[in-house]
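Engineer: Use these hints to put chain E onto chain W, whose structure you have.
What follows is each chain in one-letter form.
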Amino acid sequence: MKRTATMLAAAAMGLTMLAGCAGGGAAGGGNAAGDTIKVGLNYELSGPVATYGQASVQGIEMAVDEINNGGGVKGKKIELVKYDNKSEPAEATTLASKLTSSDKVLTIIGPATSGAFKAEIPVATRAKVPAVSGSATADDVTVGAQGVQEYAFRTCFNDSFQGTAMAKWAAEKKNAKSALIIKDNSSDYSKGLADNFKKTFTAAGGQIVGEEAYVTNDTDFNAILTRAKGQKFDVIYLPGYYNEAGLIIKQARAQGITAPILGGDGFDSPTLLQLAGASALTDVYFTNHYSSLDKDAKVQKFISDFKAKYNTEPSAFNALGYDTAKFVADAANRASDVNAEGIKTAMADTKDFSGVTGSFSMDANHNPVKTIVVIGMKNGQQSTAEKVAS
Amino acid sequence: MKKGLVSFLVKAVPLLAAWAIVLVLINAGIVTDYYLATMATICINIVLAVSLNLITGFTGQFSLGHAGFMAIGAYTCAMVTMAEPSVLGFVGGLLGGGVLAALVGLLVGLPTLRLRGDYLAIATLGMAEIIRIILLNQDATNGAAGLSGIPAFLDWNWMFFLTVATVWIIANFLHSSQGRACISVREDEIAAESIGVHTVRSKVLAFMIGAFFAGIAGGMYASYFYFIKPDLFGFLKSVDILVIVVLGGLGSLSGSIIAAILLALISTALQPFPELRMIIYSLALVVIMIFRPQGLMGSREVSLGVLNRFRRREPAVATASAAPAIRRDDDEEVV
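So the protein sequences, as listed, match chains W and E.
Per the working numbering, residue 1 is the first one in the first sequence, and the count goes up by one each step.
Per the working numbering, residue 1 is the first one in the second sequence, and the count goes up by one each step.
Isolated chain W, as found in the complex (with noise of 0.2 Å):
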């Protein structure tokens, strides 16, 4: 029994530094009501899907500098605090914390992507501060079992509406009367999009003749391929991100297979050209938030904007993030009291909010509804872009 209890010490000892050091941070934070408005970026900067976070905030720090320098809202400048959540779920959640407990933000914008949105939510609720995500389009992101969630919106549209609008453009616009799904089984997103592309699809009277599965990672589907080349079918669906889509679409192209190949966002990099080849990507669309052959001006100053800061060309997330920063900015101006309770309140409101993404209202389930692009690539290169209507 001597020594049995001893080993606690360490432990207890810890936590009472670490609770020393509590006191001392947080005495230094709570910048209530300053000449700034305090807007949280809780992002994937680092980990396995960094490139959608730092892209994310290239675009709201984009917005946000042009906000400030146009005279801010209401005379106040926008002041970001940015932390990096290592893809991380956990990490979001303690983030979250931290923007609300200890740098008393008015917003928090971001996780991009769904599960460390969702990982958010919780804590933003009780805080009740409004997180936004420009990127989180898992269905059951805004609606969790008690209903819609008070504290949560997105600006992108969700998996279901892709599915659904592909569905609908292939039956319609393509004619086509049968189709194949090629699907990442351990992707939720791909699972949810290829869910309701077959509702849809067939509901509309087509014929879905297989489907195949793969996983995150894969880089041979020649099995698949070849199986699927024996099927007869007007197009295929391959709601998956662009690693193995590429892939996919380089393989099935090699193997002659020519039907037109149907996708999602997850197409959106310039990785899909690099493993495809330009000569496969022919004969490919892909549902997104928006192109850069939209002609519209509003569009087409971003595109240029975004080459002069960056040097490069705007992808989707760019896109959504300069949105979501533009959506807050829009929330907090048009609030009657520039608090979390009072940009919550605006941005409910929303309507026809005009952003790059195409302009958009909320519906009761904090979701925008939007139009959605239709991309069409030949020669690896985006050639026609088509609006379908929700």
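Note that these hints are calculated values from the structure, not bench results.
Computed from a predicted model, the values in this text were never measured in an experiment.
Careful, some of the hints might be misleading.
Chain E side only, calculated, beta carbon under 7 Å to chain W, not exhaustive [as the list claims (entries may be wrong)]:
no.	residue
1	Thr32
2	Asp33
3	Tyr34
4	Ala144
5	Ala145
6	Ser148
7	Gly149
8	Tyr226
9	Phe227
10	Lys229
11	Gln271
12	Arg277
13	Met278
Heads up, the beta-carbon is just placed ideally off N, CA and C, and yes, glycines get one too.
Structural biologist: Here is chain E on its own, set in the frame of chain W:
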């Protein structure tokens, strides 16, 4: 008897004081949710590291599947508390997860631990992947999307109690005859067998206890962070836990505790510098391993028992009694 009681109090009082101080600070609003979340991470990592140290550091069995046991505990606790959102459901889910993890540990451990060598590493690696894939493909676990909206029950009282209880039980186990048998297996399996230690039973027992507490840690995680998905419990999570154990010192419980706290503090301190964070964090690991290849503590322990010495020597000359804070346990352990 009285002396033992005083010695016990010397250890228990600082613990209770630490718990009470933090509780007061939380109620006063000085320890905010953010610091509490950091402490939750620390507590969960302590439970994970201490339980893995029992398997890898003390019994000498290299396991790469700790995240798998954690996943079992996390999903069990999440599903039970979602069906029965009460403290009773939480305790049931926590214990259920631990017991289920221990049973899986038995299933994997029994055949592989009969062998000598690194077979366990491969088998546990495979087991953790199987668990992850099963969770990924079940409708009940909501597949890759994971479970969200898990009721939160883990407050400061719970996390403190569970962490202290884990360390207490494992430390007690290590000082029991069964624990000594485990350490003898690590030192020399043949020698241990020759003096009558049932090596397979010792190894399986340590493995099951380790798995049980990994399950508890998983339940703690699910109950604090609201959201779990299969990806969280991949191979890298097992490696993260192993890093804490190796950094603290294989065969040192206090080492695991110190390393868990240290890593969390480094990670937290670097949060304002997202661009440099992982570089500095990794650099810190490399530097520590270069200067302390045996880990921060080696196989030594530091404990509250040190306070007993000060008590005894109080009347004596103060200068000479600056006893080393680190005490070697070699005299008691089989080396």
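Engineer: Broken hints, numbered, in rising order?
Structural biologist: none
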